[in-house]
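Chain residues, written in single-letter form:
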Amino acid sequence: MMIISIASGKGGTGKTLVAVSLALSIENVQFLDCDVEEPNSHIFLKPKILERKSVYVSIPKIDENLCNHCKKCSEFCEYNAIVVVPNKTIVFPELCHNCGGCMLVCPQKAISEEEKKIGVVEKGFAENLEFVGGRLTVGEPRPIPVIDKVKNEILPNKNVIIDSPPGTSCPVIASIYGCDYCILVTEPTPFGLHDLKLMVETVKKMNIKFGVIVNKAGLGNKEVYKYCREEKIPILLEIPYSRRIAELYSSGIPFIKEIKEWKNKFLSLFKDLKESLTS
Amino acid sequence: MKQIVVLSSKGGTGKTTFAASFAALSQNIVVADCDVDVAGLHLLLKPEKAKFKQEFTGSKLAFINKTLCVEREECEASRGIKLIWEKVLDFLKD
Numbered sequence: 436m437m438i439i440s441i442a443s444g445k446g447g448t449g450k451t452l453v454a455v456s457l458a459l460s461i462e463n464v465q466f467l468d469c470d471v472e473e474p475n476s477h478i479f480l481k482p483k484i485l486e487r488k489s490v491y492v493s494i495p496k497i498d499e500n501l502c503n504h505c506k507k508c509s510e511f512c513e514y515n516a517i518v519v520v521p522n523k524t525i526v527f528p529e530l531c532h533n534c535g536g537c538m539l540v541c542p543q544k545a546i547s548e549e550e551k552k553i554g555v556v557e558k559g560f561a562e563n564l565e566f567v568g569g570r571l572t573v574g575e576p577r578p579i580p581v582i583d584k585v586k587n588e589i590l591p592n593k594n595v596i597i598d599s600p601p602g603t604s605c606p607v608i609a610s611i612y613g614c615d616y617c618i619l620v621t622e623p624t625p626f627g628l629h630d631l632k633l634m635v636e637t638v639k640k641m642n643i644k645f646g647v648i649v650n651k652a653g654l655g656n657k658e659v660y661k662y663c664r665e666e667k668i669p670i671l672l673e674i675p676y677s678r679r680i681a682e683l684y685s686s687g688i689p690f691i692k693e694i695k696e697w698k699n700k701f702l703s704l705f706k707d708l709k710e711s712l713t714s
Numbered sequence: 000m001k002q003i004v005v006l007s008s009k010g011g012t013g014k015t016t017f018a019a020s021f022a023a024l025s026q027n028i029v030v031a032d033c034d035v036d037v038a039g040l041h042l043l044l045k046p047e048k049a050k051f052k053q054e055f056t057g058s059k060l061a062f063i064n065k066t067l068c069v070e071r072e073e074c075e076a077s078r079g080i081k082l083i084w085e086k087v088l089d090f091l092k093d
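These protein sequence lines are chains H and F, in that order. Just so you know, the numbering used here puts 714 at position 279 of the first sequence, and the rest follows in order with no gaps. Just so you know, the numbering used here puts 65 at position 66 of the second sequence, and the rest follows in order with no gaps.
These aren't lab readings, by the way, just hints derived from the structure by calculation. Note that CB positions come from ideal geometry on N, CA and C, so glycine has one too. Be aware that a few hints might be false.
To be verified - FRET-style restraints, in silico, Cβ to Cβ: (1) F:29 <-> H:706: 49 to 57 Å; (2) H:506 <-> F:56: 17 to 25 Å; (3) H:503 <-> F:42: 50 to 58 Å; (4) H:485 <-> F:46: 48 to 56 Å; (5) H:699 <-> F:43: 33 to 41 Å; (6) F:43 <-> H:710: 35 to 43 Å; (7) F:46 <-> H:696: 42 to 50 Å; (8) F:64 <-> H:550: 29 to 37 Å; (9) F:38 <-> H:681: 23 to 31 Å; (10) F:43 <-> H:591: 43 to 51 Å; (11) F:41 <-> H:676: 23 to 31 Å.
Claimed, not checked - Once the Cα atoms are required to be at most 30 Å apart in a straight line, the calculated DSBU-like pairs of lysine-lysine come out as: (12) F:45 <-> H:639; (13) H:506 <-> F:65; (14) H:695 <-> F:9; (15) F:59 <-> H:496; (16) H:657 <-> F:9; (17) H:632 <-> F:59; (18) F:9 <-> H:640; (19) F:45 <-> H:661; (20) F:48 <-> H:657; (21) H:639 <-> F:48; (22) H:639 <-> F:14; (23) H:700 <-> F:9; (24) H:632 <-> F:45; (25) H:544 <-> F:59; (26) H:661 <-> F:48; (27) F:9 <-> H:551; (28) H:692 <-> F:9; (29) F:9 <-> H:558; (30) F:59 <-> H:506; (31) F:65 <-> H:544; (32) H:657 <-> H:632; (33) F:65 <-> H:640; (34) H:698 <-> F:9; (35) H:640 <-> F:52; (36) F:52 <-> H:632; (37) F:14 <-> H:640.
Next comes chain H alone, as it looks inside the complex:
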């Protein structure tokens, strides 16, 4: 069993398309949508959700009867989540990173914690796969706790496919951390290449094995191929820039369902990856 994450620096390159296509082409799959800010995979997969779990974070709660406004908590907090005015201690839950440090430094023991809901984890089924998806509540600034809760659902006896958010920062790191292999989806344009390079740096730093899928192949120029050749990065698959695939995408239909030979391409890609990881 292995965990494969799908990432790309640039948005809109086809992460969800690749993740869904791969998941629908193989057996014994658990699909994780870790793009908790803008989850999309459910549009393709239409999962039947059987369970919803709220995601909470702990934020400090001040007991004004005990607080003597000594400011130790606000001086300690690196995120400025606590402000002390002469007669009141104010918590800004959006800034809090839930470290609990304020509670430890408070000499008056005036700080306890309360739970704040920031999102939800949804679990269910779609076709051949088990589905887990996270949703961050709009207005909440920190997706990581939701991503962590999605990843807590990983089943050890499943092939796990993780659809990660775009970018190269914390939410991406949290999504791909601990995976066996990372597929980087790019497009053959200057934008695709620029962000691919950033993502390659990221996965290299994390010591994750990776390869590239070029989506919208035929568009743009050859620079992505040149870069991959020079850096000895394997190109696992090319998905052509085709009207048919785009039409199916725009109708929310995974193209592997309609163009059958693609299912085999994804299946053999998976087998190759499995072999290369176990050998």
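Use these hints to put chain F onto chain H, whose structure you have.
Below, chain F without anything else, positioned relative to chain H:
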């Protein structure tokens, strides 16, 4: 002075294309690429070499003084933030 923000939740919808097009048509403007994670506007607008460059430092990075650390288990509390206790000890010394 008017400020226009170009946004979209979904990636690859054309934020940068739109912003760059607007910028190309306008005079006397300031263009800000706030996609600091995977910036792309410079690929279209090709700005001259930066006249002004400043290092950005965010919040402080914690480090552990192993000789002082007593490895209290509070630090390992399942929060992903390990060994803040060290910082607490330091803090309490003052």
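**Assessment of proposed distance window 33 to 41 Å (beta carbons of residue 699 of chain H, residue 43 of chain F)** = 39 Å, holds
**Request:** Would you check the hint for residue 639 of chain H and residue 14 of chain F, treating anything up to 30 Å between C-alpha atoms as holding?
**Result:** 29 Å, holds
**Message:** Check whether the Cα positions of residue 698 of chain H and residue 9 of chain F lie no farther apart than 30 Å.
**Reply:** It holds: about 26 Å lies between the C-alpha atoms, which stays within 30 Å.
**Item:** Hinted pair residue 59 of chain F and residue 496 of chain H, Cα distance within 30 Å
**Value:** 24 Å, holds
**Holds or violated: residue 640 of chain H to residue 52 of chain F, with C-alpha atoms at most 30 Å apart** = It holds: about 25 Å lies between the C-alpha atoms, which stays within 30 Å.
**Message:** So if I understand the rule, the pair passes when the alpha-carbon distance is 30 Å or less; does residue 45 of chain F with residue 661 of chain H pass?
**Reply:** Status holds; Cα separation ~22 Å.
**Request:** Below or equal to 30 Å on CA atoms is what counts here, so check residue 632 of chain H against residue 59 of chain F.
**Result:** 27 Å, holds
**Asked** Do the alpha carbons of residue 661 of chain H and residue 48 of chain F lie within 30 Å of each other, as the hint requires?
**Response** 26 Å, holds
**Prompt:** Does residue 48 of chain F pair with residue 657 of chain H here, judged by a C-alpha cut-off of 30 Å?
**Reply:** OK: residue 48 of chain F and residue 657 of chain H at ~26 Å, within 30 Å.
**Asked** Within a Cα-Cα threshold of 30 Å, do residue 52 of chain F and residue 632 of chain H meet the stated pairing?
**Response** Holds. Residue 52 of chain F to residue 632 of chain H sits at ~22 Å (cutoff 30 Å).
**Asked** In this structure, is the beta-carbon distance linking residue 64 of chain F and residue 550 of chain H contained in 29 to 37 Å?
**Response** 33 Å, holds
**Asked** Taking 49 to 57 Å as the hint, is the beta-carbon distance of residue 29 of chain F and residue 706 of chain H inside that range?
**Response** Taking Cβ atoms as reference, residue 29 of chain F and residue 706 of chain H lie about 52 Å apart, which means the hint holds.
Checked against the numbered hints listed earlier, the structure breaks none of them; every hint is satisfied.
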